[in-house]
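> Sequence:
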Amino acid sequence: MANSAQSKKRARQNEKRFAVNKARRSRIRTHLRKVEEAIASGDKDAAVAALRAAQPELMRGVTKGVFHKNTASRKISRLSARVKAIG
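Under full-length UniProt numbering, read the sequence shown as residues 1 to 87, first letter to last.
FYI, nobody ran anything at the bench for these hints, they're computed from the structure. Since we're looking at a predicted model, the values are computed, not measured. Incorrect hints may appear among the rest.
Claimed, not checked - Below, simulated DMTMM-like cross-link-like pairs (lysine to aspartate or glutamate); rule was C-alpha separation at most 20 Å, straight line: (1) K64 <-> E15; (2) K9 <-> E36; (3) K22 <-> D45; (4) K69 <-> E57; (5) K34 <-> E57; (6) K84 <-> E36; (7) K16 <-> D45; (8) K84 <-> D45; (9) K34 <-> D45.
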């Protein structure tokens, strides 16, 4: 339990930051799921559009500290290879 004023403030800040990061992570996962669904359906146009929408979201997550840069790059690389393999 936080006792000092500083540790109480830090606990409040951590809660806010956790909520923001959770929402951001959820948003990114939604974009990734849309790409996955488009790939599964075999619709290349939809998959390309979904991937184009997902890339900036993933990289925004990197700049905000939600994901590591290499993790985002790996996800984009693997998804784009799968999209390219359609049709």
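> Please go over all the hints and tell whether each is borne out by the structure.
Status of the hints after comparison with the structure:
Distance restraint check for K64 and E15: the Cα-Cα separation of roughly 16 Å lies within the 20 Å cut-off, and the hinted pair is therefore satisfied. With a C-alpha separation of about 40 Å, the suggested pairing of K9 with E36 is violated against the 20 Å cut-off. For the proposed pair K22 and D45, the alpha carbon gap of about 30 Å is over 20 Å, so the pair is violated. Restraint check for K69 and E57: the C-alpha separation of about 12 Å stays at or below 20 Å, so the hint holds.
For a cut-off of 20 Å, the pair hint linking K34 to E57 stands: about 13 Å separates their Cα positions. Note on K84 and E36: the hinted pairing holds, with a Cα-Cα distance of about 13 Å set against a maximum of 20 Å. For the given pair, K16 sits about 38 Å from D45 by alpha-carbon distance, which is inconsistent with the 20 Å threshold. Of the supplied pair hints, the one linking K84 and D45 holds, its CA atoms being roughly 11 Å apart against a limit of 20 Å.
At roughly 13 Å between alpha-carbon atoms, K34 and D45 fall within 20 Å of each other, so this suggested pair holds.
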